[in-house]
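Below are the chains, spelled out letter by letter.
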Amino acid sequence: MTSRVLPLVLGRIGLAVVTLTIVSFAVFVATALLPGDVAQILLGQSATPEAVAGLRTAMHLDEPALFRFLRWIAGLFTGDFGMSYANNMPVGQLIGARLLNSLKLAGVTALLSVPVALTLGILAAIWRGSLFDRLVTVMTIAVISVPEFMVATSAVLLFAVYLKWLPALSLANEVQSFGQLLKVFAMPVITLSFVISAQMIRMTRAAVVETLSTPYVEMALLKGASPARLVLKHALPNAIGPIANAVALSLSYLLGGVIIVETIFNYPGVAKLMVDAVATRDLPLIQSCAIIFCAGYLVLITIADVISILSNPRLR
Amino acid sequence: MANLVDIRDLKVEVKTDSGRRMDIIRGVSLQVAEGEIVALIGESGSGKTTIALSLMGHTRAGCRISGGSVMLAGEDIGAMSERQRAKLRGTQVSYVPQSAAAAFNPAHTIMEQVIEVVRIHGLMPVDEAKKKAVALFRALSLPNPETIGDRYPHQVSGGQLQRLSAAMALIGGPKLVIFDEPTTALDVTTQIEVLRAFKSVMKSGGMAGVYVSHDLAVVAQIADRIVVLKGGEVLEEGETESLLTHPQHPYTRQLLAAFEPAAYVPPPVVDMPIKRPLLEVTDVVAGYGTPQANGLPLMVAVKSVRFSLDAGRNLGIIGESGCGKSTLARVIAGLLPPVSGSIIFDGKELAAHGRHRLREELRKMQIIFQFADTALNPAKSISDILGRPLTFYHGLKGAGREARINQLLDMVHLPQTVKHRRPSELSGGQKQRINLARALAAEPKLILCDEITSALDTVVAAAVVDLLKELQRELSLSYIFISHDLSTVRSICDEVMVMYKGENVEITDPSRLGGEGSHPYSRLLYASVPKLQVGWLDGLDADAEMAAALAGR
Amino acid sequence: RAGQALAATPVKGGNMKAAGFSASTADTLDPAKASLSTDYVRCCAFYNRLTFIDKSGVPQMELAESIESADAKVWTVKLRKGVTFHSGKTLTSADVIYSLKRHLDPAVGSKVNALAKQMTGFKAVDDLTVEITLANPNADLPTILGMHHFMILADGTTDFTKANGTGAFVCEVFEPGVRSIATRNKNYWKGEGAHLDSFEFFAIADDTARVNAVISGDVQLGAAVNPRATRLAESQPNVKLSKTTSGNYTNLNMRLDMSPGDKAGFIEGVKYLLNREMIQKSALRGLAEVANDQPVSPANFYYNAELKPKAFDPDKAKSLFQKAGLLGQSIPVVASDAANSSIDMAMILQQAGEKIGMKFDVQRVPSDGYWSNYWLKAPMHFGNINPRPTPDILFSLLYASDAPWNESQFKSEKFDKMLHEARGMLDQGKRKEIYGDMQAMIANEAGTAIPVWLSNVDVISSKLQGLEANPLGGMMGYAFAEYVWLEA
Amino acid sequence: MEKLSRSTGYRINLVGLIAFAVIAFWAAVAIAAPWIIPYPIGDIVDFDYFGPISGQFWMGTDYLGRDILSRILMGARYTVGISLAAVTIACFSGVAIGMAAAVIGGWVDTVLSRLFDSLNSIPSKLFGLVVVAGVGSSIPVLIVTLAVIYTPGAYRFARALAVNINTMDFIFAARIRGEGLTYLIFEEILPNILGPVLADLGLRFVFIVLLLSGLSFLGLGVQPPNADWGALVRENIGGLPFGAPAVLFPSLAIASLTISVNLLIDNLPKKIRDRSA
Ligand SMILES: Nc1ncnc2c1ncn2[C@@H]1O[C@H](COP(=O)(O)OP(=O)(O)OP(=O)(O)O)[C@@H](O)[C@H]1O
Ligand SMILES: Nc1ncnc2c1ncn2[C@@H]1O[C@H](COP(=O)(O)OP(=O)(O)OP(=O)(O)O)[C@@H](O)[C@H]1O
Ligand SMILES: [Mg+2]
Ligand SMILES: [Mg+2]
Ligand code: NI
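Residue numbers (this note's numbering), protein chains in the order written: chain H, 1 to 316; chain Y, 1001 to 1553; chain G, 2001 to 2488; chain U, 3001 to 3277.
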């Protein structure tokens, strides 16, 4: 088993490094293409040509951009993410706490939404064609077609403003007890779950329905297996590959895509950080965030691929 | 003796897209007594599988039991709820599917699936079930009975899977076992073992059986009674012995007559002035898996095979399951580039990879795949499947194309109505014939036929063989004919190549096959071909020489 | 309401949370770089200026005991005695000179570099006296020194991860883009010091969310709320709105050196076509006052009340456009969320234009990079100018021929001369006259249309007391933390 | 229904028909919008903002006092047009390239996969900004940008499905017939993955409808006073606390369209193959 998986994972890590390099170079070029640089943006309205020139020199921005980029890459290998241009703090320090926050939020959301979505998807597949199935389909589409900011705002209005059950803000640093954790995370997690569950539900249902029409499921039926057993024991193990992929893609949204939730609930995570970094053309910070998102995405995708391989004895 | 199974006036209908209904079983009545084995034989597409499934209260998607009753041990299966039926399945009645390979879940170990019936119905403790399974494996003469259950389905051969699926059906100790063509995919030597195992297990368990087959000789060995079907109706029914010796219905006579096919007469050589080799295969080595240090692949399936085939002549390839027959065909067709060796076709050396061959070269050589269902695109209709090579090679369109499709369907004895169906709506034998028709559509010079008659009844198989011969006369075609069915090979081939473990053991004249001068393995193969006489199988045990040969394998 | 607040007695203690409208990694504790109200709030809490501009716009002494000059050129600043920094160090003239001189160093990236440049000489007369020499006389120096950027730091400060000032609060936590936490400075030089025990400040960028956070009681103050988002707050018993009209405006700039601004009559036409009343009522929900195309606010002493806003007159505009030969042409107008309400204003202009056959092609561009890419550059674009305490600063920043932000490229020798003349004048009456004329010149000749004064609305909890309006901006000119208290 | 089915040669079901009717309705609205709107979309017709439903303004007024009905009718042009175009391009190119990668395999597959993975991990905001800065903004640019953002997802999805199909014998059969790549992917593979691909397309359509409003705030595409439905919801979100029709109706419009698209995909008419004729 490991004989197949280990080289695969190693190969993937190698390719991941290549991908990361492409991404960070692409991001570098993209940032370079954007008009304005950090000196101009920091000075904002007071960016007179001399002031900009002076600040540029002081920030060593007059060195060629490519040179700065390469130095940053070189720094990465020693674990140094560089210094933020915007506020002269080490990027590692800026990202550290916020990445942790993002991971917490992503983790809690995943813990809630993945089981719920898979259950709904599987149930819809078992009772395909039924009222329940149609209801799940319509509800999932309805839920994702409501813009995220509307879900979030409605939740705040209902639970914080009218009912006053939950705080309107999710101040992550105030979590001391489990009860608080529930209160703080409840609304962002619900909002995000709404957004990411639909894809998982639809894909789980599709994958399970697909395998339900195979001869070995028919054979299991002829052995006297119950509908639940057909789905759970026979269809599901063979549908794990596509499901894992859908879950991975959905979860990858939780790192970089949560900007609206972070904004409305004032949750300090990395998505907002990246947006800030782009707004200030803070190259080391943009690069570091991009690398983190990309790495997160690759990790999820790789896990999904490994899971699909492990779930299929023919590939092991 | 009370009847275990009592089918009265069974009707099964399919509903077409346009809402029209059509009966595929038209009022069949059938009884099986306790402990009795009844064979269902008949034309491919006559509804054998459909009847067998109805015994479990099940129909395929799109079909529906529309009339009659199916009584199992005095209870009406058709009137039960799905939950009640589930209780019977596996315990009272169990099923050995037509395609064992597709019936195993690729994600679970074999043992897990074999004892699943026990788990579902809580028949006995799991440990006990495992012991029983191992005992069954042993009884079915499977290799390594202790450990074979720990493997996954793809890790055992097709013949072994077929036996394992029988174990799966037998473990719950059902009163009735339904076998749907359980030996179709097996070579003759394996077939013997499996048949024996079935017989002894069923006898010792006192089980009744319904045995679906197209092969009269096999049925003769195992069944107490035979029911002959055609077009969804029962034509004739009787004790095995009497039915074989005194068939009443003309169709039955036809079936029996087709069993001993006319010996092969090579086409007259008059219109072939010079003997010209069409295909020359020299020292081909091929296999699967990553290349090793010595340049050979991990698993070498074909070892240094060499033969040559003249235009207008046919070569048969026989050998046990897994000996590399299909691999060789794939190499010739350009699907699997050989490690070494050369293939010269029509005077020109062919590129190893099909991609690099010219369209004309590809057209002139067609391959018919062994697995009929995976070789047809499930999403396309039969007319699309047959029409494509017509358009692709010959630029046919519109009415001309339709006419040619109809012609092709006629050639392979299929009604024109199948044109609008998808492959999943055809029976096993019908799919096989579609594959043949597709190859014919290209109007090739050489057809590589991989087991094209294995799922066909003797009458249709004979007709197909006749068709091939006729085409050969008209178009001076050549065939490479891969088959487990020695009699068919003898009826069409000029030469037979016997393969054993990837090697070519001998090439002889088919009439001399199994004769004194030939290779011992060839003789064993020959001796294993079932004879159309009751008790041939039981008589084998007495045959000391055969027993020794089989034991030595 | 303000009256009630004054009458009440302050309560000591309590922890307050306030939400600004924007935070990013560019958040800074360096007053020279402060660019957003959130930076100002922090700087006001941690540092002090030499002077402080009160609610009527008059500079009051803060760290300075007095600032005096005979000729408006050489100024003597006397510092308060016994003021200490959070680090324990005592305030001396060296600190003041260091803090002011920083703005001249381009490496600092000061936002007020242009203003600071007039300070050419600094001299420490003694430990508590500084002499500042200006390049040219400027009577407004005390007011200039009251601007947020001129906070006083300890001599030699280069590290701004923590703030070491003399302010009412000590910086406990500062995470740029996330939050800052301040606790009361026990050794504050103003004696009693702040009422609050601590004060946490962060930003909620979404307007609705900011209002909701106040209503739900999570924060006690939500700054600068969009007029659209206030309706819910108005109906809630536990919150109130604090409104300031401070001289902040969003203006439409038409460059005089580019087409179409260079065609005579076009600019005047646009000024007539701007439906100021509709902008005030619809786009801003009445949270604005109609303005007269010049930057000095009505609250300012020097405001020219004679100068009336141009009335909405499409017919006149039409004939002016006709005269300019532009009627029926498509004219791009760049607007962005970066300039408050500019998109709504642009649409109102567009709509009015459509009625007279004038096509304004509104281009919404990203707020990101707006100030460096479009502002001052596009032929017709919107700007947003924060309040400045004196007409002199406004004029020299925005309308003098060499002004760094000459939005419409307005060049007038006469104007320059008047500006120069008024600057050194210590006679307020005469100054007012000159500034009045200059306002009229801007309104009629410059390419900047200033339709309304924007009001700043802060949503505050009704428990929050002591908040007063201030012309420098919302939240009491951003200095609220020191003055407010929470009722039990 | 029966009759309709027979005459068209397709089996049609009621849900699919209703879904189709809704989509057709919006498409018709999109085409006819300029002629049927009761008020010009930019006109401030009412000084009351977030006005209620009235005989004069059937769906109330928005945050500036403009007629919401007119804005929704006009917004249909953008939401229906742009989203459909973008989702079609994204799915067509993603699925085609994905299938090609699976069929060709080898280094082509590896390179394409890495490239699309990279593209997928570039933040869409950064991407949008670069586009505005680099090529400016127009509706075609907007469509292409949306398509590019969603192509990698479609690629990954289609490739995973196609890889499985690619190992089947019928693909080999087509290959050694000498068929070209285009035939292989569109005729042999596509029909077998069409179901999941369409389901995925339905979801992607929803995402694109929503992303559209986000990009218009980056200055990409739909320019004021026009607005797509997502932007209508966004600009009127302040009315949510008191249930303003200005925020509810655009949301309903979005939901009706996206749900219909997905239901139609789930209930596509099936061609009747006369298997008994
Ligand atoms: N879904 C379907 N729609 C229409 N016809 C069908 C469908 N399924 C099966 N049939 C037809 O029903 C008939 C009986 O099929 P069945 O599989 O029972 O045949 P069989 O006797 O088992 O044949 P074989 O020996 O080839 O396996 C065939 O003619 C087949 O074409
Ligand atoms: N794709 C593959 N990968 C690895 N091994 C394979 C593969 N296909 C076939 N083999 C192995 O190669 C050997 C030859 O297979 P081949 O299919 O040629 O047998 P065959 O003679 O056609 O048998 P049968 O009569 O069962 O069809 C077998 O042992 C088989 O297990
Ligand atoms: Mg069958
Ligand atoms: Mg084979
Ligand atoms: Ni056979």
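It is worth saying that the hints were derived from the structure and are not from the lab.
Please note that a few of the clues may not be correct.
[What the hints assert, rightly or not] For the chain G half of the interface with chain U, some residues (derived, Cβ under 10 Å), not all of them:
1) Val2173
2) Gln2363
3) Met2425
4) Leu2426
[As the list claims (entries may be wrong)] Residues of chain H clear of chain U, computed beta-carbon distances all greater than 12 Å:
5) Thr57
6) Trp72
7) Val114
8) Pro115
9) Thr119
10) Glu148
11) Ser177
12) Gln180
13) Lys183
By construction, the Cβ of each residue, glycine as well, lies at the ideal position given by its N, Cα and C atoms.
Taking the hints in turn, this is what the structure says about them:
no., hint, result
1, Val2173, "violated (28 Å)"
2, Gln2363, "holds (6 Å)"
3, Met2425, "violated (45 Å)"
4, Leu2426, "violated (48 Å)"
5, Thr57, "holds (25 Å)"
6, Trp72, "holds (17 Å)"
7, Val114, "holds (17 Å)"
8, Pro115, "holds (20 Å)"
9, Thr119, "holds (19 Å)"
10, Glu148, "violated (7 Å)"
11, Ser177, "holds (31 Å)"
12, Gln180, "holds (26 Å)"
13, Lys183, "holds (22 Å)"
In summary, the structure is inconsistent with hints 1, 3, 4, 10 from the numbered list given earlier, while agreeing with the others.
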